[in-house]
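Novice: Here's the letter readout for the chains.
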Amino acid sequence: MLQPVADPAVRTTCPYCGVGCGVLATPDGQGGAAIAGDAEHPANYGRLCSKGSALGETLSLENRLLHPQVDGTRVSWDAALDTVVGKLRAVADEHGPDAIAFYLSGQLLTEDYYVANKLAKGFIGTPHVDTNSRLCMSSAVAAHRRAFGSDTVPGCYEDLDEADLIVLVGSNTAWCHPVLFRRMADAKARRGTKFVVIDPRRTQTAQESDLFLGIRPGTDVALFSGLLVYLSDNGFRDRAFVESHTAGLDGALERARLIAPDAAAVAAATGVPEADIAAFYALFSGTRRVVTAFSQGVNQSAQGTDKGNSIINCHLITGRIGETGMGPFSLTGQPNAMGGREVGGLANMLAAHMHFAPEEVDRVRRFWGAPRIITGEGMKAVALFEAVAKGKIKALWVMGTNPLVSMPRADLIRDALGGLDLYVVSEAVADSDTARGLGKTTVLLPAQGWGEKDGTVTNSERRISRQRRFLDSPGEARPDWAVLAEVGRRLGHGRAFAFDSAAAIFREHAGLSAYENNGTRDFDLGALADLSEAAYDVNLPVQWPIPKRSGPRGAPQGKARLFGDGRFYTFDQRARFVAVQPPGLALAVSEAFPFVLNTGRVRDHWHTMTRTGKSQRLSAHRAVPFVEVHPDDAAAHGLADGGIARLTTAHGEAELEVTVTDTVVPGNVFMPMHWGGAFASRARVGALVRGMPDPVSGQPELKATPAAVAPVAYRARGFLMTRRQVDLPEGWWWARAAITGGWGVQFATQDSSRAVALMVRGLIQSEALAGCELAEYADHARDRYRCAVYDGARLVACLAYAPAAERPDWEAAKALFAAEEPETAERRALLSGRAATASAGPVVCACHGVGADVITATIAAGAGSVETVGAACKAGTNCGSCIPEIRKMLAGQTARAA
Amino acid sequence: MATSPLDTRVPDARAETGLPRERLVVVGNGMASLRFLERLTEDCRDRFDVTCVGAEPQAAYNRVLLSSLLGGEVDEAACEFRGLDWYAAHGIRLITGAPVTQIDRENALVMVGETHVLPFDKLVLAVGSLPIRLPKPGMDLPGVITFRDLADVAAIRRAAVQHARAIVIGGGLLGLEAAVGLARLGVDTTLLHVMDRLMERQLDHHAAGLVKRAMEARGVRVILQADTDRIEGDGRVERLVLKDGTVLPAELVVMSVGVRPSVGLAQAAGLEIGRGIKVDDRLTTSDPRIFALGECAEHRGLVYGLVEPAYEHAETLARHLAGQPAEYRGTALSTSLKVSGLPVFSAGTVDTPDDAEAIVLSDPGAGLYRKLLLRDGKLIGAVFVGDIAEQGACKGLIRSGDPIENVDDLMFGRLASEPLAA
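So the sequence lines, in the order shown, correspond to chains A and B. Just so we're aligned, residue 1 is where the first sequence starts under this note's numbering, counting upward by one. Just so we're aligned, residue 1 is where the second sequence starts under this note's numbering, counting upward by one.
Source of the hints: derived by calculation from the structure; they are not laboratory data. We treat Cβ as the ideally placed atom computed from N, Cα and C, and that holds for glycine. Just to be clear, a hint being listed does not mean it is correct.
Claimed, not checked - Anything over 12 Å on all C-beta distances counts as not near chain A; from chain B, calculated: (1) ASP46; (2) VAL74; (3) PHE81; (4) ALA154; (5) ARG184; (6) VAL247; (7) VAL257; (8) GLY270.
What the hints assert, rightly or not - Footprint (simulated), chain B over chain A, 3 or more residues, beta carbon under 8 Å: (9) 786–797; (10) 819–828.
Claimed, not checked - Residues from chain A shown here face chain B by an in silico Cβ test under 8 Å; the list is partial: (11) ALA775; (12) ALA781; (13) ARG834.
For reference, chain A alone in the conformation it holds in the complex:
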């Protein structure tokens, strides 16, 4: 049990990725908080990544949804819920309850998730409850269930500390799970752990590896089938384990041999040199303590489940599971994807790791007292939104997620919303693409954000931690569970939804997990089913399973690892080898769409930026949406680094800044997933991807859509920096980023400098800028224009415009805009575009705000290692997620010096 920390610091959990780091938040009493890592939390032991460190910058109420709205008009909660309940009843009466759907989120707390799931499946009677976790890890879930009979992550983070080989498959861990990557790096330093990275992109993670296998997209199955064959043929089979605890090896091997009979076949399929494949197989076979960690590169695939099983097969044949330092390890994307899986908030689950076997349905029916409980699976995300488009779903309730950015074919979904009788969005942010969607009746319900809500989350190693409240709830925001319970009560289910606290919900959730369990189900929180309110507040974090009689009384013990005893949750307690399908992408490239479009994260942003987009530090690393293109492809298609390109698929298009880099291979392009309509003109990843679903998990393929890319010739580029958010004219390309002291928008336009100057003149006469004064630099003959708006001495806004080839210096202007009242030299610099002082260059270290130029200068001054650079300028000394970049800069500079 943890000791309570000194007031006023509050122990909570980071709201970002599935690592689930402990955070100490010290509220400042003015709506903000100081943020530090929790040294006692077993996920991070005090560390935070750049995103976690900047949480304090994301707490402002700017753009928050603070009051309920019906069709754009503010109403009372009572009126809003009347509308919701009335329309839900009407839809159920007219079209049946299964015309109602819920689309939930891995951002929800377990308690919210639990009540939503219970309401929908138990009492409204619709099976159509799915979640953005479908886009994230449902293939891992399916692979786990096929192999283990349960959705169980066998190992824990400690295994990363204790492994001798870590294989990272489809995971840019250095950027996406930075704190775990630091643990891995520590292991490397301490015990010489080797890293093998398997990814079509040479990511920052790949650049830190001992061996990088740059496979062709979608060929993971060939690589791991080849490994299975190699292990079998070269005497690495753990005969005792395979014979006592598994089934299905022969079938799986037979299929693997067809796919990848030898290293040469694997090389041909994956495009990886045979020698590298041999090196990987030798390393894997010769190292007992091996963890294979996989993430979205595996999951977000039309073949994700098979990819997962091809990995698990290799661990089963060698018996490397359930013991210290080994096992397959799904790195989860979201803070509470695991919690959602636990409550059963997905369309192919019922509740508490129970599915739709008649005895399971009956058990849950009895526990809930829910006679109308559903008896079968509902529609998974892709199908669910297709059903919205087809008019089969008439009422949709979206909670805590932004499908209009993140779902494949998002443009279709946006258009389809118009057919809904009822569209409800429970959301913290007022201007997300999804909150701006419109049904026939649209209800927006203000949700609490991180720091305001109170409940539990589960991280990638099955560890349940508390997210605690340390801020007042703003406006009329309410806990989602309370809203859902109120709807349940208004629908006439008073007893089932009489929850008066998050703890009460957690107790019921834990009770259901233990209900008639007796060790038959992996997910068992029996020891927590009677948790008092006070104990709920302090008794976590803890790993499940944690059955009733685990550990001494008052201090129940969770389990770090499962399956060490060789007992799985299949009917015969044997793990299953899975015979996988041959590798391949769902859609082939064509003449019209010759590129494979890969998607993913950047280091400092999270999902659709509704939170990280508020942080100037996090927005500094990459300020505009971009597409990475190999130099050969760039040359062939006339794309210049920094220019703008139109990326087109059969489903939609985006306009992105070109980054020419050999980290993508020819024929592949990469775009980040983060920029929605609130942050960029045309950069919604969801609009482009086709998202063919995996036949088993239903998870859509988001990382391999055929695409075309072509340059877009804008007349001019520039930026606008303002203290408050402003919109740019229709037809301009733009991308918004938080900057110190306000907002910056980088733009491209076909308008002339004269037209822009005229527009500015018009604006300066508007009421909003009354009393402000315009400073300008205009050279219309050369199509150049810059201006700054002052209210007295206070800089209110500045704009720079130049022919596209010249691109005004954003970094220098950002530094100038940071000053509220710039001095004369700075005012001149704003107009001249020439720095008053040297700019620090693009930010590399987001934690300490250290720019590339500073680091370059530090290296030039003699700093020869990451450590000396850190000692000299602090870069890389906090979260360390920029260390790969620093290392790259070190290498580059050393090479030049040589």
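Please arrange chain B on chain A, whose structure you already have, making use of the hints.
Specialist: Positioned in the frame of chain A, the structure of chain B alone reads:
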């Protein structure tokens, strides 16, 4: 301060060269005159017996500082250039407080009233210009003062008692400076200008607006397009009435509507006169023994009212009289000055012609303005307010007509750090 008018000492230095020394008389002891004397004594100190006759009671002083003196920023000592000992040490006979009354070309004599008759071999006219008084009723009332010399400053200061209300007529440089000087003394000051912008010959509207703002920041009320109809008062200035009927009460009116070359003496002597005393490229008047320089001279049809061309005249003439090749070809029209602490520069074309491109930088809040006018890649005009660091380069480019190499350096300053890569 004044040298005795009876001092008839004749320097006797001919023995050194064995040549007869020519008698050189300089009429006027202003800034142009002094610069001429300085250069002349450097170049050929033994060739001439020099006598300099000034109308004002003091030796040449820094007229540019008059407004600062008026405002109390500097004292009289700061306005002094050369002490009497300097003149003496350089063998220059200086006669001050002595207006020249007549030039007798036939006998080569200069008459100074009843006191002096100065024979000359060569004569230099550096008699400057006279302030203009508007031909309007009431201009001769006590309390209407011009602003041209130390005596005017003294008169203005006497009138600028506490709670006095002053009106300055004329929005040229000198008017602006007088107004600021008055405001600094705590006088309620209004500046009237008949045009729609201040300093219209040197500044475009934007720059003039900045200057106006600077004036207002210094406590001066500025009324543009203010056409004075008359000044009224019972034995003394009491009010000024504009054409539009506006009545402005005032105890003091400072007239600063321009100057005209002082040509009376030359005209009476029968020298060729235009707007000023006509001179050729060696500053020689229609009489080869007589030269003119500074504000009284008209060269190639142009009369200059600024110190820079006057100094160029002085240098040219000094070299010429020293027997060195020297030629004056005119001064490119440029102004660089400080309007009560605000640096202002203008050169070449001021208003943008249709066939030219303007590049403009304007930050009124910071008091900054820069305009460059380009035609076919060549600089034809420049107006700077607030920072005039690149004025030298601009003047050079306008004069030479060379293509501009880097317009950004000209616009933003070479001294600023290098442009950053995008």
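Novice: Just pull the numbers of the violated hints for me, sorted ascending.
Specialist: none
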